[in-house]
Amino acid sequence: MGYTFAEKLIARKAHQEVHAGDCVIVDVDVMMASDTTGPIAIRAFENMGGKRLAKKGSTVFVLDHATPCPNERIAGLHDLIRTFCREQGSVFFDQNCGVCHQVMLENRIVREGDLVLGGDSHTCSYGAVGAFSTGVGSTDLGAAMLTGKTWLRVPETTRIELTGALRHGVYAKDAILKIIGDLTSDGVTYQSVEFAGDGFARFTQEEATTVCNMTIEMGGKNGVFVSALTDPSLIPDADARYNRVLCYRAEEIVPMISCPHTVDNVKTVVEAAGTKIEVAYIGSCTNGRLSDLAVAAEILKGRHAAPGVRLMVCPASNLILKQAAALGYLDTFIDAGATIVTPGCSLCVGTLGGVPADGENVLSTTNRNFKGRMGNNKANIYLASPATAAVSALAGVITDPREVMAR
Amino acid sequence: MIAGRVWKFGDDVNTDVIFPGRYTYEPMSDEAMGKYALEDADSAFNQEAKPGDIIIAGKNWGCGSSREQAAKCLKERGVAAVIAKGFARIFYRNALNEGLLILVCSEADQIAQEGESISVDTERCIIRSVHGEYRFQPYPAYVQGLVEAGGLIPYTIQRLREREGEK
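Protein chains in written order, with my numbering: chain A, 1 to 407; chain B, 1 to 167.
Okay, chain A solo, but in the shape it has when bound:
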């Protein structure tokens, strides 16, 4: 019997043969915390008697959730992280960088074959470059910062194969929303997910990041793009043991949308079409990369958001902001009536600006639509692709992007 990606990679980090279900101690290659989980991780590290980081060169802090800092209390937390990083010599990205996951990828901090722990649930994004990466709480992270190790239960694996190519107007976001709708919010709880097949192999790294990013929304421990693996000793064996193998045909996937208040409440955009929106938000670690902004800019070029729609755009990093400016996308967004917001987590977690009013409908390209997610528990959040968000912003109601893009 062969091995899955998770078994192969964890065996390497545990220095022993492993099978799904085993619990082992593993070496952690990269550790990451944001300004929301970092302060508690630092406190846990110190409460465990921590004096020196086990791996300072691969312990990374990114300020992204509340940047630029909105008040004096958070300023204190940011200062605590800055001071800790200076004293420990760890890797530090201040408020002028972007969303942690984008920062980790665009600075090539995470590489194929790495085992990564992040104090953020969307750490599973790095499967797009062939890493085994998973989100943990701050205390788990603090222990790893101290010892360089963690314990893991070797996960069972679900393999999801995509064949063929997505149709015009259909994107990586639609594919992963379709999958989440089918598997539901706990469909792959505790499991590793391998995204395989010629369909996923066609995806760019940016598209793969969108897919892996949302693995947590169906309960997964990590997600990995098999096509990102170049190391033969990490490629899953043909006779590996899988919990389930699911097959999708790319040409059958249509624009999808998550309706309030759970990510797995997925419908086709056609089914939700006509619903009035007050806010359209394009950004985040899921869909705030250059290719996402390019799609939105193409749709918005020479047009203006419908009256009553607040369009907000947040490039996922400062680098993307710069590129978007150079390519004229920012001009397009501004002319379309958009508010450009500072690269970072921004509206997604409701800790900064852009909070919706009671009863308002938000169409967002982010990854979660839980009640209260964007700062108001009486608002309704829908999740879709940047194309769906852009065409809906123009129409003022949820609209299928294929209607506009075909013209």
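Quick caveat, the hints were computed from the structure, so don't treat them as lab data. Do not take every clue at face value.
Claimed, not checked - Cross-link-like lysine to aspartate or glutamate pairs, in silico, EDC-like; alpha carbons within 16 Å at most:
(1) 371/A to 39/B
(2) 149/A to 29/A
(3) 378/A to 39/B
Stated by the list, open to error - Computed beta-carbon distance windows for the label pairs:
(4) 80/A to 114/B: 39 to 47 Å
(5) 154/B to 68/A: 35 to 43 Å
(6) 201/A to 141/B: 39 to 47 Å
(7) 48/B to 359/A: 26 to 34 Å
(8) 46/B to 71/A: 19 to 27 Å
Cβ coordinates follow ideal geometry from the N, Cα and C atoms, glycine included.
Here the structure of chain A is known, so what remains is to put chain B in place on it, guided by the hints.
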């Protein structure tokens, strides 16, 4: 053996409603976190829950973000146990790390009605209510040490001391 009054919840109760994001940046003591427990999920629980109360829920309790305040705020509120059909992975780890008692029971929704009292026999892995007896899964053997130490911080300190002693 523990006993307490039941609060009932459905499926997919997520970390954002257990401990809203707007509080994650407020520097606060552990004890203060208890005040915000489940504020966006159930205002009755948030206002009236007493130390020793027990939560019974459906599948996928604690899905969503990695914020460990979701486990910590329940512990600090005095919740004696969370019994669910299943737990999201990160919450499960966070609960072990924080020393919050969590029990997986496939019949969780049948155990009791809200407001009823139940008892939990942690030695024999049995929950008793006026409706009957229900079994829950024991913790995996691998995490027993972590559970017995009362969480990851005391466990890590203990392990590091043992390693020092071996040298």
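Checklist entry - If you check each hint against the structure, which ones fail? => result No numbers; nothing is violated.
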